[in-house]
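Asker: Protein chains in written order, with my numbering: chain H, 9 to 438; chain S, 1319 to 1400.
Keep in mind the hints are simulated off the structure, nothing from the lab. Keep in mind that the hints are not guaranteed to be accurate.
For the chain H half of the interface with chain S, some residues (derived, Cβ under 8 Å), not all of them [to be verified]: (1) V88; (2) F178; (3) A180; (4) I363; (5) G401; (6) F404.
All C-beta atoms in this analysis are idealised placements derived from N, C-alpha and C, irrespective of residue type, glycine included.
Each chain, letter by letter, is given below.
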Amino acid sequence: MSLPGDASLSLDQAPPLSIPASFFLLAPVAIAAAGVLLLVLGVDPLESGGRPGSGALTHLGTLGLLGSVMLGALYQMIPVVLGGAVPAIRVAHAVHAAWTLGVTALVAGFLTGPGGLWGIGGSLLGAALVLFLVPVGLAMARASAQTATRVGMGFAVVGLLVVGLLGLSFVALRGAGWLPPGYHPTTWRIGHLGLGLAVWVGGLLTAVSWQVLPMFYLSTEIRPAARTAVTAAVGLSLLGVPIALGLGGSIELVLALLAPAGVAIWAAHPALMIPALRARRRKRQDESLTAWFGALVCAPATGLCAVAAIAWPSPRWDVAFVLLAVLGWGGLALHGMLCRVLPFLVWFHRLSPWIGKVKVPPMRKLLPQDRIRRGVLAHGVALGLLLLAAGTGSDFLARIGGLALLVTGVLLGANLVSVLRVRAPESVSP
Amino acid sequence: MTDDRSAQQLPERVLDVRDLPAPEPFEAILEALPTLNPGEELLARTPRLPRLLIQRLRERGLELRFWEEPDGTGAVWIRRPA
């Protein structure tokens, strides 16, 4: 009944603030960069998933925005949620450097065409993955907690490994000019994107939501059986898709094997979480929660878009699906999380030692609600404009959407930096 | 650090912060500490077991016991040494 072991409470198990913060700060940079790309390229990247600009935009979203925040969140959450330290935590700085340079090179490679930048990007991202997955995997294997959160986080991390290997195989095969038997580029790309969104992002978002939403918003608890079912569905896709790809399975088989995770995260999870959040015990206005609600509303829309893209194949459905999944569902959830978690971390590391000794501001004062609201509003406007641009083929709407995305990145970045500038009182020692 | 609650009498001072979102329970408990005299005890009822709070309380040299209730909420018994 007491905490599982005294060691789990050691302060030196929590990562220094600089580690999660440095990863979180990449998110607004990626959003702003995507906005600049759309301002320059117009609607072209939104017309088909096969355009160079669309590959660059997709990877700015999946790696630069979603991936960066999720890597930082895992470093932070593993000690707190699972009660085990990530060994050699300082290696995270090397991961950050390799990840940042790798994403930049890969995005540049998409824009300039296959060549050296692809290889450099792939090599750096491969190094970042190894340096991330080995210590994080060790910490998760040692953790004593046996919860849906731990299992979900584990599935997400294994999903990241599979998605990373698939991505690196594309880079390597392009360089080698040789295709192994059973390799179907379109099927593998669907597996890469589907596992990335439904297992890596979806697995982690759902696992984290079981813990974070009741903690920060006092949402009602989700029944253990429902959590287990969602987690199991994600695990089923994680198991099935790589086997199908390895055995040369058809597109239809891979899509069928992605369906359990897709239904779990884009239908069951919002169906569970929206009522739980609406029934929260204290209904205080909170703009980070507005972003979460936006994400949960985008989830079923993402799932419906995926179904439409399968039923009526069209590049427009494909682009709408990626926009909704990356910028809507995943992006809004992480935008909300950043505006809540980073103030909490700054408050915990810099202000909480002083509480009761000198006057310190409460956490909710570190990032005013109206500033969060402006960022979330710009994010929603950008998503709406880009969906309209993808649907209508309007170059004007694509560029305006790009401008809204650039504004979103600037506002989110300014919010995060303003929180990080909060310092501990200096008059007395804590 | 034990769970020997049957042997403990509940302190006179009880702070129930189970209906506050994170980190407000943490803030309320730390803000109550300056009013705790040597030898005095406080029982804090929290929404869940507050791992990070316990770190901070330890740094302040307080005597602690903590446990998780069957409903998943937490309890932290705090005593300022005489």
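Asker: Run every hint past the structure and note whether it holds.
Answerer: Cross-check of the supplied hints:
A cut of 8 Å between beta carbons decides the hint on V88 (chain H): the least distance to chain S is about 7 Å, and the hint holds. Annotation: F178 (chain H) was flagged as interfacial toward chain S, and the flag is violated, the nearest CB pair being 41 Å apart, outside 8 Å. About 43 Å separates the beta-carbon of A180 (chain H) from the nearest beta-carbon of chain S, more than 8 Å, and the hint is not met. Restraint check, I363 (chain H) versus chain S: the minimum CB separation of about 4 Å is within 8 Å; hint holds.
Hint status for G401 (chain H): violated, given a least beta-carbon distance of 44 Å to chain S, over 8 Å. The criterion of a C-beta within 8 Å of any C-beta in chain S is not met by F404 (chain H), whose closest approach is roughly 43 Å, and the hint is violated.
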